[in-house]
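Protein chains: 2
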Amino acid sequence: MDKKKNISMAVIKRLPKYHRYLTELLKNDVDRISSKELSEKIGFTASQIRQDLNCFGDFGQQGYGYNVSELYNQIRNILGLTKAYGTIIVGAGNIGQAIANYIRFDKLGFKIQSLFDANPRLFGLRLRDIEIRDVDLLPEYLKENHIDIGIICVPRNSAQKVCDVLVKNGVKGIWNFAPVDLVAPDDIKIEDVHLSDSLLTLSCLLNDIE
Amino acid sequence: MDKKKNISMAVIKRLPKYHRYLTELLKNDVDRISSKELSEKIGFTASQIRQDLNCFGDFGQQGYGYNVSELYNQIRNILGLTKAYGTIIVGAGNIGQAIANYIRFDKLGFKIQSLFDANPRLFGLRLRDIEIRDVDLLPEYLKENHIDIGIICVPRNSAQKVCDVLVKNGVKGIWNFAPVDLVAPDDIKIEDVHLSDSLLTLSCLLNDIE
Numbered sequence: 001m002d003k004k005k006n007i008s009m010a011v012i013k014r015l016p017k018y019h020r021y022l023t024e025l026l027k028n029d030v031d032r033i034s035s036k037e038l039s040e041k042i043g044f045t046a047s048q049i050r051q052d053l054n055c056f057g058d059f060g061q062q063g064y065g066y067n068v069s070e071l072y073n074q075i076r077n078i079l080g081l082t083k084a085y086g087t088i089i090v091g092a093g094n095i096g097q098a099i100a101n102y103i104r105f106d107k108l109g110f111k112i113q114s115l116f117d118a119n120p121r122l123f124g125l126r127l128r129d130i131e132i133r134d135v136d137l138l139p140e141y142l143k144e145n146h147i148d149i150g151i152i153c154v155p156r157n158s159a160q161k162v163c164d165v166l167v168k169n170g171v172k173g174i175w176n177f178a179p180v181d182l183v184a185p186d187d188i189k190i191e192d193v194h195l196s197d198s199l200l201t202l203s204c205l206l207n208d209i210e
Numbered sequence: 001m002d003k004k005k006n007i008s009m010a011v012i013k014r015l016p017k018y019h020r021y022l023t024e025l026l027k028n029d030v031d032r033i034s035s036k037e038l039s040e041k042i043g044f045t046a047s048q049i050r051q052d053l054n055c056f057g058d059f060g061q062q063g064y065g066y067n068v069s070e071l072y073n074q075i076r077n078i079l080g081l082t083k084a085y086g087t088i089i090v091g092a093g094n095i096g097q098a099i100a101n102y103i104r105f106d107k108l109g110f111k112i113q114s115l116f117d118a119n120p121r122l123f124g125l126r127l128r129d130i131e132i133r134d135v136d137l138l139p140e141y142l143k144e145n146h147i148d149i150g151i152i153c154v155p156r157n158s159a160q161k162v163c164d165v166l167v168k169n170g171v172k173g174i175w176n177f178a179p180v181d182l183v184a185p186d187d188i189k190i191e192d193v194h195l196s197d198s199l200l201t202l203s204c205l206l207n208d209i210e
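Protein chains in written order, with this note's numbering: chain R, 1 to 210; chain V, 1 to 210.
Treat the hints with caution; some may be incorrect.
[Unchecked claim] Simulated restraints on C-beta separations:
1. V/125 x R/120: 49 to 59 Å
2. R/8 x V/123: 44 to 54 Å
3. V/157 x R/30: 36 to 46 Å
[To be verified] Mimicking EDC-like on lysine to aspartate or glutamate, the simulated pairs with C-alpha atoms at most 20 Å apart in a straight line are:
4. R/36 x V/181
5. V/172 x V/192
6. V/172 x R/129
7. V/111 x V/181
I should point out that these hints are in silico values taken from the structure, not numbers from a laboratory.
Built from N, CA and C at the ideal position, the CB exists for glycine as well.
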């Protein structure tokens with residue numbers, strides 16, 4: 001695992017895709033796969049795949065290919081999927097509720113423990129088993145519960161304030177759905193899902209073909 | 001606009017961010033901005049900004065900076081935001097409903113005209129003003145209505161089938177939320193939002209710091 005420190009952001013961004021395809025291969029009882037076969041499925045070149053997978057160990061064998069379950073476990077390990085993450089959502093609007101209802105995240109180890117919102121009419125309601133709480137209670141909640149990941153689904157104007165509260169109370173990972181670039185100390189990891197940016201990329205591409 | 005054909009994917013991916021910041025500057029009545037000031041706000045280097053904006057015209061002036069509203073309009077133009085896009089959503093689950101309720105997309109020119117789902121209990125219901133229809137009626141609907149963008153929010157197993165129907169009936173843009181890589185002809189533009197991939201990137205980064 002020492003090699004991991006050197007994995008570039010470009011490789012990290014590709015790892016979830018490897019994870020998706022390996023999960024599928026395992027489901028279909030595929031035991032081993034060559035970099036060439038994996039390349040045809042996943043769309044990266046075989047040499048790219050060999051290079052990527054080399055970053056974290058030497059487990060492809062010439063003429064044999066990759067042992068699928070070994071590779072799968074290794075990638076789960078690198079992605080940090082061998083443990084559970086205390087997770088909360090701040091903002092119980094459309095996106096916040098959609099994320100809370102998305103059971104797939106639970107299965108991956110992201111246990112959503114609570115939702116927070118500013119709207120008193122929502123306090124005490126539950127989505128699946130997840131209680132919606134007053135966002136004013138967030139600092140207190142964070143002091144009493146170990147939370148690794150805060151999912152920010154509030155409007156853009158409140159997002160930085162929420163981020164500050166999360167960071168101040170020890171949350172190290174932010175999954176940000178607000179259309180704003182958050183500012184946080186370097187040891188805080190932020191991953192953005194900017195939906196409007198993504199839609200605008202699509203319209204830009206569409207416009208290009210006309 | 002001739003220059004546009006040469007804009008790289010890397011630049012295209014940065015344009016929505018320019019659009020966000022310029023919208024904000026306009027709201028705050030900022031008339032002009034230097035590449036240095038813009039750099040401090042947006043986080044790209046000043047030289048990167050000059051290079052990006054050079055791709056589509058010569059409207060920064062030495063010693064004056066950029067005229068904000070001119071630049072804003074130009075970027076709107078390149079992003080294809082000067083027109084309206086006929087848009088539908090296939091899959092009225094959590095994410096599909098969240099997208100349908102997200103008014104911001106309307107304001108940007110993406111008019112969501114209908115939702116489609118396979119669940120008969122949803123047929124005829126409305127989200128805001130948007131009717132949920134039987135997905136079996138999708139081909140017919142696409143023949144009778146001009147739709148530019150199909151938003152795919154169905155489970156992974158149905159996503160490719162939905163994509164095929166959209167493409168066969170003239171839809172040129174796909175915004176895909178299913179955790180699967182779709183296959184389509186080259187002239188079809190696909191933009192993916194792979195939520196699980198994004199979350200796994202975050203857990204990978206978190207794991208790296210421990």
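We went through each hint and held it up to the structure:
no. : hint                      : verdict
1   : V/125 x R/120: 49 to 59 Å : 28 Å, violated
2   : R/8 x V/123: 44 to 54 Å   : 48 Å, holds
3   : V/157 x R/30: 36 to 46 Å  : 18 Å, violated
4   : R/36 x V/181              : 18 Å, holds
5   : V/172 x V/192             : 14 Å, holds
6   : V/172 x R/129             : 40 Å, violated
7   : V/111 x V/181             : 25 Å, violated
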